[in-house]
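Q: Protein sequence lines, in the order shown, are assigned to chains A and B. So for the first sequence, our numbering puts the first residue at 1; every next one is plus one. So for the second sequence, our numbering puts the first residue at 1; every next one is plus one.
Since the hints were derived computationally from the structure, they do not count as laboratory data. Just so it is clear, CB atoms sit at the ideal spot from N, CA and C, and this is done for glycine as well. Among these hints, one or two may not hold up.
[To be verified] Taking lysine-lysine and the BS3-like style, the derived pairs with C-alpha atoms no more than 25 Å apart in a straight line are: (1) 18/B / 176/A; (2) 106/A / 18/B; (3) 242/B / 229/B; (4) 18/B / 171/A; (5) 229/B / 106/A; (6) 322/B / 242/B; (7) 248/B / 229/B.
[To be verified] Quick list of simulated restraints, FRET-style, between CB atoms: (8) 110/A / 112/B: 53 to 63 Å; (9) 133/A / 112/B: 50 to 60 Å; (10) 544/B / 138/A: 46 to 56 Å; (11) 422/B / 110/A: 16 to 26 Å; (12) 178/B / 139/A: 43 to 53 Å; (13) 279/B / 116/A: 52 to 62 Å; (14) 58/A / 405/B: 29 to 39 Å; (15) 139/A / 608/B: 49 to 59 Å; (16) 58/A / 326/B: 57 to 67 Å; (17) 169/A / 72/B: 39 to 49 Å; (18) 469/B / 107/A: 37 to 47 Å; (19) 167/A / 280/B: 40 to 50 Å; (20) 107/A / 606/B: 12 to 22 Å; (21) 343/B / 121/A: 49 to 59 Å.
[What the hints assert, rightly or not] Short derived list, chain B residues pointing at chain A, Cβ under 7 Å: (22) 193; (23) 195; (24) 199; (25) 269; (26) 270; (27) 273; (28) 369; (29) 372; (30) 378; (31) 380; (32) 506; (33) 508; (34) 595; (35) 599.
Take a look at the letters that make up each chain.
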Amino acid sequence: MVKRSVIIAGVGGQGLITIGSILGEALAARGYNVSVGEVHGLSQRGGSVVVFLKYGDGAVSPIVTQSEGDVLVGLELIEAVRRLPLMKKDGVVVVNDFLLPPPGSKTVPARDELLAALPRGNTYVLDARELALRAGSDIALNMVMLGAVVATGVLDLESSEVEGVLSKRFKGEFLKINLQALRLGYDSIKKGPKY
Amino acid sequence: MFARIGLILSLDLKIVAKAVISGGPGERRLLLGNEAIARGALEAGISAATAYPGTPSTEIVESLAEVARDYGIYVEWSTNEKVALEVGIGVSMMGLRALVAMKHVGLNVASDPLMSLGYTGVVGGLVIVSADDPNAHSSQNEQDNRIYGIHANIPVFEPSTVQEAKDLTRELYELSEKFRMSVILRTTTRLAHSRSPVVFGELVRHGRGASFHRDPERWALLPPYNLVKHREVLERLEELSKHLSDFKFNSVEEGEEDTAIVVSGVAYNYVKEALEELGVRLPVFKFASVFPLPRGLALKALSYKQVVVVEELEPVLEWQLKILAYDEGMPARIHGKDVLPRVGELNKEIVKAGISRILGIPYEAPPAPVPLVELPRRPPVLCPGCGHRSTYYAVKLAAQRAGVKPVYANDIGCYTLGFYPPYQMADFTWSMGSSIGIGLGIARFGSEPVIAFIGDSTFFHAGIPALINAVYNKTPLLVIVMDNGVTAMTGHQPHPGSGVGAMGEQRPTVRIEDIAKAVGVRFVETVDAYDVTAVRDSVQRALKFLKETGEPAVVISRRPCALLVLRERRRRGESFKRYTVVKEKCINCGICVDRFACPAIVRDTDGKVAILQDMCTGCGVCAAICPAKAIQPKEG
């Protein structure tokens with residue numbers, strides 16, 4: 001039985017797959033069956049990317065279908081709104097306050113329009129880049145978002161479990177920055193108000 | 001002209017995690033489907049792995065390459081899939097186990113030796129992985145390669161989960177040797193690119209002595225022996241079909257209804273979720289062996305009143321079951337593609353809808369979403385600093401100057417993205433090497449020149465014979481080799497021009513210029529892809545040459561992949577000058593943002609252009625093309 005379905009949406013190059021695989025590893029360590037799958041277009045960079053994570057007991061399929069998602073982690077506003085149809089009515093949205101217009105696009109919705117499309121009451125908005133820079137590097141943006149989704153409490157994960165996975169995966173200065181970014185993301189949700 | 005990228009690649013390989021050998025028996029790790037296949041092959045004790053990279057197959061041999069030295073196996077990126085398979089066949093003739101991996105369309109390239117391999121069979125176990133791409137996420141079609149197995153008389157197996165991908169791979173080596181047949185392991189994108197927990201088995205080092213199994217009557221495919229071999233392989237398939245009913249990867253889950261499900265591959269997971277949500281308990285026959293059918297199990301499934309076959313793409317199981325039912329006089333009503341789509345991939349909802357139709361139970365699709373905001377599309381783009389962009393830009397200028405409207409023949413690789421605005425320089429994209437080949441047919445009868453774009457890796461893969469054809473049959477066509485030094489699109493695998501092998505070792509460099517000259521091209525020029533003027537002028541000269549001589553010309557536009565260069569800089573902690581727009585000088589002509597279209601250049605809220613500093617790689621091409629000299633290196 002599928003327990004939770006997670007959607008991670010953003011633009012190629014933002015580190016979405018890493019978020020998925022770290023969450024997956026932590027959930028697998030809890031004994032769940034996990035499936036983390038990525039969908040991307042042609043290129044390595046700049047395209048629309050979505051990662052599906054599902055976990056539960058028994059068979060778990062790799063696709064999140066319409067109205068199935070429990071959590072949406074959006075690393076960019078347009079991409080977050082693009083994946084809203086996959087969300088349950090009462091699903092939780094954690095979104096990075098960042099708008100990257102697709103190159104060459106003539107009609108780009110305004111930030112406020114995009115924010116207004118997100119479900120009120122169940123949405124958390126944070127400036128992940130700013131927090132990542134505070135942790136030491138803009139590359140750690142994905143770790144901020146990882147910390148944020150853990151803080152929502154929708155997944156059966158403690159922050160310490162995710163930290164454990166990071167400690168196995170990274171070393172030295174890079175680990176320090178990532179752990180710090182994770183914590184800043186976590187705290188900003190725990191302390192901050194919902195959108 | 002430029003430093004090759006060998007060093008970058010070898011450094012790259014040193015830092016990657018060795019996921020497929022870093023755990024002992026019984027350990028549970030999160031693995032990518034492709035990594036699981038690699039692990040399974042190592043648990044089977046393979047001696048060699050070969051492949052040409054292609055999504056979604058790439059990570060199989062990539063993860064084997066990472067551990068090849070430590071582990072003592074041979075891994076190569078082959079020039080193309082045909083060569084990869086041929087190397088694998090040779091290894092098998094030495095009595096050793098080999099893995100050959102490719103994406104679905106790659107098997108088309110390898111199909112020539114494949115067809116005969118069906119007749120000869122193998123000595124050492126040989127598993128051919130065909131990574132299919134239902135939904136054509138990153139492919140030119142969604143062909144179902146299970147049919148290749150039927151066509152070639154080669155058994156086909158399909159895992160349903162990542163764990164099974166590992167276990168089945170290991171098991172298939174035993175089966176391959178027992179029945180002396182190569183086997184196709186068919187995966188799909190959703191399995192190849194899914195991560196799930198996998199319990200490891202024991203790693204086995206092959207420890208076999210390699211010796212050539214001399215058997216000319218078997219290996220030399222000459223007329224008197226071929227019919228004998230054809231008969232033999234059919235007998236072996238029949239034998240295998242009986243054996244497969246006890247094959248542990250084919251399973252039956254009992255149910256309460258008189259309708260049975262037959263399913264293969266990743267669709268098993270959709271079936272399980274769908275049945276649970278529909279609240280019905282149907283018997284589920286999961287076939288890991290797709291061809292031949294496990295005869296006993298298939299008959300058992302056909303003993304139900306109704307059978308619903310759930311499979312992605314073509315009705316491969318359905319056809320076989322219908323034939324079997326007819327032959328055996330079984331009355332079961334067999335459903336499949338009458339209620340499930342033949343196009344695209346399946347998912348839980350599609351399967352739910354199909355099964356509920358057969359069972360006659362109500363099904364309500366999730367409500368259609370109401371778009372709250374109109375969203376722009378986000379097609380993939382050429383990276384900032386990519387040499388392909390400046391090449392396209394320069395070629396367009398050259399065509400304008402020459403007053404011609406070329407047919408732009410394009411090929412498979414990152415540069416295919418030249419299809420999208422503002423370039424729109426891909427009048428067709430077909431298959432590997434076809435820009436030149438199809439271009440030849442167009443050039444033969446066209447009045448405007450044909451400009452064929454092809455990448456370095458693709459040139460080696462399938463471009464050379466077509467180029468030889470252009471010389472031999474004297475066809476005027478301009479080939480622009482967009483050389484960034486690696487197979488970039490699939491994640492930077494080296495090729496014969498990279499000067500480095502799959503395991504990061506130094507290798508001789510095969511020079512594209514030398515090949516072009518050697519096959520008789522009389523116009524061969526190499527230019528810096530960033531030097532717009534140089535590329536433009538070279539292309540203009542080439543077009544003139546085409547017109548005057550009626551012969552083909554080759555321009556090699558070269559720059560190492562910008563992503564790799566950037567990564568290497570980051571690793572070394574090197575700083576570089578980024579560019580910025582001096583707003584007072586900007587005349588807002590839009591050339592940089594609308595026509596050059598680097599993703600790092602955007603229109604600011606004031607309507608003027610600006611450069612996103614995070615994304616700028618400092619290539620400086622935008623500065624060179626700015627007519628107002630408003631783009632300049634940033635101080636400090």
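Q: Give a verdict on every hint.
A: How the hints compare with the structure:
Straight-line distance between C-alpha atoms of residue 18/B and residue 176/A comes to about 22 Å, which keeps the hinted pair within the 25 Å bound. Of the supplied pair hints, the one linking residue 106/A and residue 18/B is violated, its CA atoms being roughly 44 Å apart against a limit of 25 Å. A distance of roughly 20 Å separates the Cα atoms of residue 242/B and residue 229/B; the hinted pair therefore holds under the 25 Å criterion. Among the hinted pairs, residue 18/B with residue 171/A is consistent with the structure: their alpha-carbon atoms are about 15 Å apart, no more than 25 Å.
Of the pairs offered as hints, the one joining residue 229/B and residue 106/A is violated, with about 63 Å between alpha carbons and a cut-off of 25 Å exceeded. Restraint check for residue 322/B and residue 242/B: the C-alpha separation of about 18 Å stays at or below 25 Å, so the hint holds. Taking the CA atoms of residue 248/B and residue 229/B, the gap is about 29 Å. The hint is violated against a cut of 25 Å. Distance hint check for residue 110/A and residue 112/B: the Cβ-Cβ separation is about 56 Å, which falls inside the suggested range of 53 to 63 Å.
A C-beta distance of roughly 55 Å is found between residue 133/A and residue 112/B, which places it inside the suggested range of 50 to 60 Å. In this structure the hint that residue 544/B and residue 138/A lie 46 to 56 Å apart at CB holds, the actual value being about 48 Å. One distance hint, 16 to 26 Å for the beta-carbon pair residue 422/B and residue 110/A, holds here, with the actual separation near 24 Å. For the hinted restraint 43 to 53 Å between residue 178/B and residue 139/A, the CB-CB distance of approximately 50 Å keeps it satisfied.
In this structure the hint that residue 279/B and residue 116/A lie 52 to 62 Å apart at CB is violated, the actual value being about 38 Å. Hint check: residue 58/A to residue 405/B, Cβ distance near 59 Å, so the stated range 29 to 39 Å is violated. Between residue 139/A and residue 608/B, the C-beta spacing of about 29 Å breaks the proposed range 49 to 59 Å. Distance hint check for residue 58/A and residue 326/B: the Cβ-Cβ separation is about 36 Å, which falls outside the suggested range of 57 to 67 Å.
Under the hint 39 to 49 Å, the C-beta atoms of residue 169/A and residue 72/B, about 27 Å apart, miss the expected range. The supplied range of 37 to 47 Å is met by residue 469/B and residue 107/A, whose beta-carbon atoms lie about 46 Å from each other. At about 45 Å, the beta-carbon gap between residue 167/A and residue 280/B stays in the expected band of 40 to 50 Å. At roughly 18 Å, the beta-carbon separation of residue 107/A and residue 606/B lies within the given 12 to 22 Å, and the hint holds.
A C-beta distance of roughly 39 Å is found between residue 343/B and residue 121/A, which places it outside the suggested range of 49 to 59 Å. Because the closest C-beta pair between residue 193/B and chain A is about 5 Å apart, less than 7 Å, the hint holds. About 4 Å separates the beta-carbon of residue 195/B from the nearest beta-carbon of chain A, less than 7 Å, and the hint is met. Using the Cβ-Cβ criterion of 7 Å, the hint placing residue 199/B at the interface with chain A is not satisfied: the shortest such distance is roughly 11 Å.
Because the closest C-beta pair between residue 269/B and chain A is about 4 Å apart, less than 7 Å, the hint holds. Given hint, residue 270/B at the interface with chain A, holds; its Cβ is 5 Å from that chain's nearest Cβ, closer than 7 Å. For residue 273/B, the interface hint holds, since its Cβ comes within 7 Å of a Cβ in chain A; the closest pair sits about 5 Å apart. Checking residue 369/B against chain A by beta carbon gives a least distance of about 3 Å; that is within 7 Å, so the hint holds.
Evaluation of the residue 372/B hint against chain A yields a held restraint, the C-beta minimum of about 4 Å falling below 7 Å. Because the beta carbon of residue 378/B sits about 4 Å from the nearest beta carbon in chain A, less than 7 Å, this interface hint is met. About 3 Å separates the beta-carbon of residue 380/B from the nearest beta-carbon of chain A, less than 7 Å, and the hint is met. Checking residue 506/B against chain A by beta carbon gives a least distance of about 26 Å; that is not within 7 Å, so the hint is violated.
The beta carbon of residue 508/B comes no nearer than 28 Å to any beta carbon in chain A, farther than 7 Å, and the hint placing it at the interface is violated. Interface restraint check for residue 595/B: the shortest CB-CB distance to chain A comes to about 10 Å, outside 7 Å, so the restraint is violated. Hint status for residue 599/B relative to chain A: holds, with the closest Cβ pair at about 4 Å, below 7 Å.
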